[in-house]
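Undergrad: Same order as they appear, the protein sequences are chains A and B. For the first sequence, the residue numbers in this note's numbering are 1 to 273. For the second sequence, the residue numbers in this note's numbering are 1 to 326.
Treat the hints as calculated values from the structure; they're not laboratory data. A few of these clues could be false.
To be verified - Some chain B residues flagged as far from chain A (calculated, every beta-carbon gap over 12 Å):
id, residue
1, T56
2, G110
3, G189
Claimed, not checked - Derived Cβ-Cβ restraints for the label pairs, each shown as a range:
id, chain 1, residue 1, chain 2, residue 2, range
4, B, A253, A, G13, 55 to 63 Å
5, A, V252, B, G115, 36 to 44 Å
6, A, G24, B, G189, 48 to 56 Å
7, A, G13, B, S112, 35 to 43 Å
8, A, V43, B, T222, 46 to 54 Å
9, A, L132, B, K32, 47 to 55 Å
10, A, G24, B, D28, 37 to 45 Å
11, A, G13, B, G13, 38 to 46 Å
12, B, R173, A, P200, 56 to 64 Å
13, B, E64, A, L217, 55 to 63 Å
14, B, T222, A, D49, 53 to 61 Å
15, A, D49, B, I218, 51 to 59 Å
All C-beta atoms in this analysis are idealised placements derived from N, C-alpha and C, irrespective of residue type, glycine included.
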Amino acid sequence: MSGSSSARALIRGIRVLDRPAPAGPIACTMAFGWRALLKIKYVPEQMFDVLVTPIMFTVMFTYLFGGALAGSTGDYLQYLLPGILAQTVVFTSIYTGVTLNGDLSKGVYDRFKSLPIWAPAPLVGAMLGDILRYTGASLIVVLIGLLLGYRPEQGVVGVLLSLVLLNIFGFGLGWIFTVLGLLLRTPGAVMTLSWLVLMPLTFVSNIYVDPATMPDLVQTLVALNPVSHLVSAIRGAMVGELVAFSLGIALVTPALLTLTFGLLAMRLYHRKH
Amino acid sequence: MDSTPDFAIETRGLRKAFGSTLAVRGIDLQVKRGSVYGLLGPNGAGKTTTVRMLSTLLPPSGGEARILGHDLVHQAEQVRARISLTGQFASVDEDLSGRENLTLLARLQGFSWLGGRVRADTLLKAFDLQDAARRQVKTYSGGMRRRLDIAASLIVTPDLLFLDEPTTGLDPRSRNQVWDIVRGLVDDGTTVLLTTQYLEEADQLAERIAVIDQGAVIAEGTSRELKASIGSNVLHLQLNDPTQREQAQLILAGHLDSLVHLEADPASLTVQLSDSSEATRALAELPQAGIGLSSFSMGQPSLDEVFLALTGHTVSPQKDPEEAPQ
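I would like the entire structure built from these sequences, with the hints used as guidance.
TA: Here's what the structure looks like:
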């Protein structure tokens, strides 16, 4: 019985007499955000393609299409860079779903769900971690742009405002991929299906070329695509000519996505896992 | 004190259906506060599903349950504040270090960053994990992982702890450590509901045991009661010559009013005696027929034998999709 009596002493020693008040929604979300950062700390390679892909796209598009589309690579870069920023964040938001899908298969979610915490905290916290990805990737694009000759007329203010818009948009868009992450079986399936969503969302837009030369139908589609308005808002922010309508769409879209896909994600999270 | 019910868990007709399959088909349980209660059954019996319902992870399809006086469905939040769950598969994050796991969970339960870290270190030391504190959990051995998992359930001392197959896959030394921890917890006033497919584990730890098979409780009581319910005594016989076993079985079944089982060992038989005086008769009959005994012993039936008598089959591992997570 000596084993048992030392076990008793052990348990006595770790008993918590004063239960702390449960953590609030913000504290819980921040804690899960910290968890997301720790994951990046242990697997820094996962940041590699997030950071390298945008460099590739910026350099490639500028030198491939610049001369043909805008007469010079310098002029084209001035048009393209805000678009590449949007494309980068939209592409990066896929990771929300892919990472979540792999994560959910772990037993630790059982523990999270049996804790008296704000239920959406694990999902929202993970998306806060994604903000680091968006910001990192966006800053790389801006840096490469500056090296290649891009000049934002509004300077640092324009860049900062763009970053805020990009992060809000990425957060809202992330809910779509969170839903896919909850619905599908494997991270690979999430990746595949997400690209099917992303391709039209990025290419049928004003990211790469002025839609004025496109057929009417495509012009209409581009005008309906919220990504186009995000790009217009960023272009406006960079040169100091913000269009209220585009800015509005760029902000309302993520809010609506959060309301619809966010709520759907919560339902799926509770039902399936 | 708020109204303290006598039972930590009380369920009536608790059911869970997955599509058209009934994983749990009406379970009634009464688990006294401060006790260890064992759910014993083979893989796929519905143990994990029951624990997942009782720990608010799965909504029941029917029936009622009160946990520590709170309604399981309508007061899930109050229930969660007072229970902890250590799941069948490690319910810690393998990518994080032990210390980060505990700090995160402490933070989620209201500790400050600093307080959470202190709490994590206290637990790591108590569970002999301080040397591995900064290593990723995926590098831990099975026993270390289990200890961390249990430590994670004790960040805030729970009133009720669910342990789903806490020693499955552990070596004997780690298993004994877990058993000691469970005993310590119960001495300290925590109620423990544990599931196990090891009869010895239920026998060692649990005050009362519910035997579960195919989603239903088929027997309930203390281990002594369960053993008594299938006959007070068991006579184990070991023959000199295995080829005489069938003959011995016939003789015993013919002369005694008792059940005779053939054991896995080809030279041995077990007789469930309805009356212990039958033992002497049995021992007298066999030598008369020329059957030599190398040894015999009297004893209470093992829970293995209890299970066999109750279900008609032994505790054999069989995979059931319902027992898997999600």
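Undergrad: Compare the structure with each hint and give your call.
TA: Each hint tested on the structure:
{"no.": "1", "hint": "T56", "in the structure": "6 Å, violated"}
{"no.": "2", "hint": "G110", "in the structure": "3 Å, violated"}
{"no.": "3", "hint": "G189", "in the structure": "9 Å, violated"}
{"no.": "4", "hint": "B:A253 - A:G13: 55 to 63 Å", "in the structure": "57 Å, holds"}
{"no.": "5", "hint": "A:V252 - B:G115: 36 to 44 Å", "in the structure": "41 Å, holds"}
{"no.": "6", "hint": "A:G24 - B:G189: 48 to 56 Å", "in the structure": "29 Å, violated"}
{"no.": "7", "hint": "A:G13 - B:S112: 35 to 43 Å", "in the structure": "21 Å, violated"}
{"no.": "8", "hint": "A:V43 - B:T222: 46 to 54 Å", "in the structure": "50 Å, holds"}
{"no.": "9", "hint": "A:L132 - B:K32: 47 to 55 Å", "in the structure": "50 Å, holds"}
{"no.": "10", "hint": "A:G24 - B:D28: 37 to 45 Å", "in the structure": "38 Å, holds"}
{"no.": "11", "hint": "A:G13 - B:G13: 38 to 46 Å", "in the structure": "41 Å, holds"}
{"no.": "12", "hint": "B:R173 - A:P200: 56 to 64 Å", "in the structure": "59 Å, holds"}
{"no.": "13", "hint": "B:E64 - A:L217: 55 to 63 Å", "in the structure": "59 Å, holds"}
{"no.": "14", "hint": "B:T222 - A:D49: 53 to 61 Å", "in the structure": "60 Å, holds"}
{"no.": "15", "hint": "A:D49 - B:I218: 51 to 59 Å", "in the structure": "55 Å, holds"}
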